[in-house]
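Student: Taken in order, these protein sequences are the chains called A and B.
Be aware that the first sequence starts at 0, since it is given in numbering that gives the first Met the number 0, and climbs by one per residue.
Be aware that the second sequence starts at 0, since it is given in numbering that gives the first Met the number 0, and climbs by one per residue.
No lab work stands behind these hints: they were computed from the structure.
All figures in this text were calculated on a predicted structure; none of them were measured in a lab.
Glycine included, each C-beta is placed from N, C-alpha and C at the ideal position.
Treat the hints with caution; some may be incorrect.
Claimed, not checked - Here are the simulated distance ranges between beta carbons:
(1) B:209 to A:456: 15 to 21 Å
(2) B:78 to A:439: 48 to 54 Å
(3) B:69 to A:277: 34 to 40 Å
(4) B:239 to A:56: 49 to 55 Å
(5) B:78 to A:337: 29 to 35 Å
(6) A:472 to B:10: 43 to 49 Å
(7) A:337 to B:69: 49 to 55 Å
(8) A:34 to B:337: 34 to 40 Å
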Amino acid sequence: MDTMTADAIAREALLSRLRALLPAGSVLHTDEAQRPYECDGLTLFRQLPLATVLPSTEAELLAVVQVCRESKVPIVPRGAGTGLSGGATPHAQGVLLSTAKMSAILAIDPVARTARVQPGVRNLAISEAAAKHGLYYAPDPSSQIACSIGGNVAENSGGVHCLKYGLTVHNVLRVRAVTIDGEVVEFGGGALDSPGLDLLAVLIGSEGMLAITTEVTVKLIPRPQLARCIMASFGDVGVAGDAVAALIAAGIIPAGLEMMDQPATRMVEPFANAGYDLDAAAILLCEADGTPEEVEEEIAHMSEVLRAAGATGLRVSASESERLRFWAGRKNAFPAAGRVSPDYYCMDGTIPRRRLGEMLRAIQQMEAKYDMRCPNVFHAGDGNLHPLILFDANDPSSLARAEAFGADILELCVRLGGTVTGEHGVGIEKINQMCVQFPADEREQFFGVKRAFDPHGLLNPGKCIPTLHRCAEYGRMKVHGGALPHPGLDRF
Amino acid sequence: MADALMEQVRAAFEGGQRLHIRGGGTKDWYGEAPTGGTTPVLDTRGHAGIVAYDPSELVVTARCGTPLAELEVTLAANGQMLACEPPHFGPGATIGGCVAAGLSGPRRASAGSIRDFVLGAKLLNGRGQHLAFGGQVIKNVAGYDVSRLLAGSLGILGVITEVSLKVVPMPVAEATLRFDGIAQHEALERLNRWAGQPLPVSASAWADDTLHLRLSGAAAAIRAARHALGGDPLDAADAAAFWRELREQSAPFFAGDQPLWRMSVPSAVPPLEPDGGLPAAQLLEWGGALRWVRSAQPADVLRAAAREAGGHATLFRRGRSAAAQGAQPGCFAPLEPALLRIHQRLKAEFDPAGVFNHGRLYPGL
Ligand SMILES: Cc1cc2nc3c(=O)[nH]c(=O)nc-3n(C[C@H](O)[C@H](O)[C@H](O)COP(=O)(O)OP(=O)(O)OC[C@H]3O[C@@H](n4cnc5c(N)ncnc54)[C@H](O)[C@@H]3O)c2cc1C
């Protein structure tokens, strides 16, 4: 029997087992039916899986996991598919497991200030459901109307307000998950801590590689009475970067602190009508929230620091609608990039804030080197950069240059003392750069963590942590490509 | 110095010996006694000092043996602090021990726990490999979050040799209010209600029908909250002493012979009555999510009460009278089999020869 037929037979056997477990319509196998699942937000990588399953309950999900384990078939979990690093890219020999049908809000407890939800619930839906109690779920990724809480947990997602209110890891109390061993396990709980090792902390941000989330309990916090946002203009990006440090040094933790350079504001404005200062080399959005008295005090303090730090103009939102407009521009930066360019490639490195100016100058040089445009938006308060490389995927040379440009940025982040990913995850996209950030012993210890949860490597295999072999290949490729970029910089 | 520690670990790994990791020894009493009474000590205190601190980055990196007190003084000189207000439990406390014990203080419910502020760590694993995880930036999702896993690991995965922590500015203003004649159920009702409102509550404590509440934040916010809440203000020195004694457990409640149980439960659950209706001596913190109970009841009874409430119970201090008795209950609530298996596999991956702190967290780990 040739392997083609053996594979086809194995696939048929798997499909019939899956069909026996799930209702009709919850097991997809044709190319057309699976097409919507062939990629996540990183559209550069596309792959059809063997089968796509959409369990509606934890019991169905558990049954799928059992079958896959017994058949040694990899599973790739998928939430809303908005991930930007290819974390949910299907596996050619695997099952794609979508949580789209597990999207119920199970309970909101206004007294304990928690929400218990299924993994497919959209991030924003939680805050909408909690609003009548004056509560909300703080982490607000720009994708919040679409992305799922299961995906947020897997990526440890952040948002524009996480400098003050924390990331997913700071706002999740409990994750219920199915392990590849076929057990339902509770990580964390209703209390503020749980006995033993803090496995919840490792599970969050584990990119679907350790267990499959079936339920999440999140913290809800009281909605502040008032929020106001300052738009500060700067004549120079480096000066804007220093103003960020000045705010922090003055003991201020703004509710949001974002930066956009001029190419970014000019790209966004026609699309979002945010009212940005298009003559400024960079703008900062700096938000205060709290009681009216508190906001007034903080806005005054922030304005003073921003002026002293060289802001050429300040505008404070005069109404809630103006504040939302300021943010709408920022939150629509990615779609705007998609409008002005056939394709864009969103980077996600983090660097120590004090290196911001240096990083921006280096990116400008890279724009010249690769002959490509790269507007920049940042979660400036966290030092988390989102350079948006504009390119055309139909032009192979443009695509290759965009990828090399991106790799250059990420590797510079590592050399500046930062990381290749602040919130979008490694997935398959940044797997080569993990070789640059982590030596072999660290990577092997990561594999140890993986084995402790998933001894047979069936959950989302091949993502996140590169093998020794892969890093050796990448090393050879880089050396062949010529000298390392930026030889003058220290290696960390 | 890191090299000396590495040598000691490698020798233990190769020689099949165990090591007991120890900083200032201020938390020797916490957790299980490591098995093997005469286990040699790996003393972290020589590996000390702040490695990097730039206040505008809100990050400090320090070696494990750095005294917690020294670190706090350095931060305070720059108007910053460790957000979770960790307990010292003695003058010699080190930052390595603080992270490994994973204990947080009065500010925990509003600010987060010590693990929430860990950004990166260096670890000497059981093979004597010196590994770096996480980093010195506030957002970082490259690889599994091993550094946060180390918080509260009680040394069973290895020696935390260096740690990077996010720090926060000290509040501009602070006030402590005292409310007398408040029964426990009423305190719980108030604390949960207040936590659902945008009030700058940074700590709470209830005992003996008295509720203390600390407010921290902008001066205007404190003024507005005081106006809304009422209560009697404490003067600044008394307030500072009150929260310090609570954090260090030198307050009168913590004196005495009875075993001290730490019940970690959802904040809104009604008063626990582990003594079958007779309320044991209790002290509440963290908006009701942490309940200290002095009780001689059997461990099973207390653990069942905590479990039914949706939490867990830790035998925090055994108490003098218990020391004489025979079989001792475990300090930490037993793990579900599936969780225990993951613990065992993690231990085997980080410390395959079982060099470190054998049995300190759970027997066999
Ligand atoms: C326009 C745009 C803006 C964005 N802005 C932000 C931002 O501001 N901040 C930010 O952090 N991210 C942002 N993102 C990235 C993305 O939205 C987040 O990573 C999000 O958390 C992904 O959620 P998802 O449901 O789409 O997950 P998917 O893309 O479906 O999956 C992401 C990862 O999670 C795993 N996964 C999904 N569900 C489960 C589960 N139940 N159990 C186990 N693993 C699971 C998948 O295997 C995959 O590895 C943005 C993306 C877009 C397209």
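Student: Taking the CB of residue 78 of chain B and the CB of residue 439 of chain A, does the distance hold inside 48 to 54 Å?
Tutor: violated, 41 Å
Student: Does the Cβ-Cβ separation between residue 78 of chain B and residue 337 of chain A fall within 29 to 35 Å?
Tutor: At 43 Å between Cβs, range violated.
Student: Does the Cβ distance between residue 472 of chain A and residue 10 of chain B fall inside 43 to 49 Å?
Tutor: At 36 Å between Cβs, range violated.
Student: Is the gap between the beta carbons of residue 337 of chain A and residue 69 of chain B within 49 to 55 Å?
Tutor: holds, 51 Å
Student: With respect to the beta-carbon atoms only, verify the hint that residue 239 of chain B and residue 56 of chain A lie 49 to 55 Å apart.
Tutor: Given range 49 to 55 Å: holds, Cβ gap about 53 Å.
Student: Starting from the range 34 to 40 Å, see whether the pair residue 69 of chain B and residue 277 of chain A falls in it by beta-carbon distance.
Tutor: violated, 50 Å
Student: Please test the hint of 34 to 40 Å on the beta carbon pair from residue 34 of chain A and residue 337 of chain B.
Tutor: Roughly 37 Å apart at Cβ, these two residues keep to the hinted range, so it holds.
Student: A range of 15 to 21 Å was offered for this pair. Does it hold for the Cβ distance of residue 209 of chain B and residue 456 of chain A?
Tutor: violated, 56 Å
Comparing the model with each earlier hint shows violations of hints 1, 2, 3, 5, 6; every other hint is respected.
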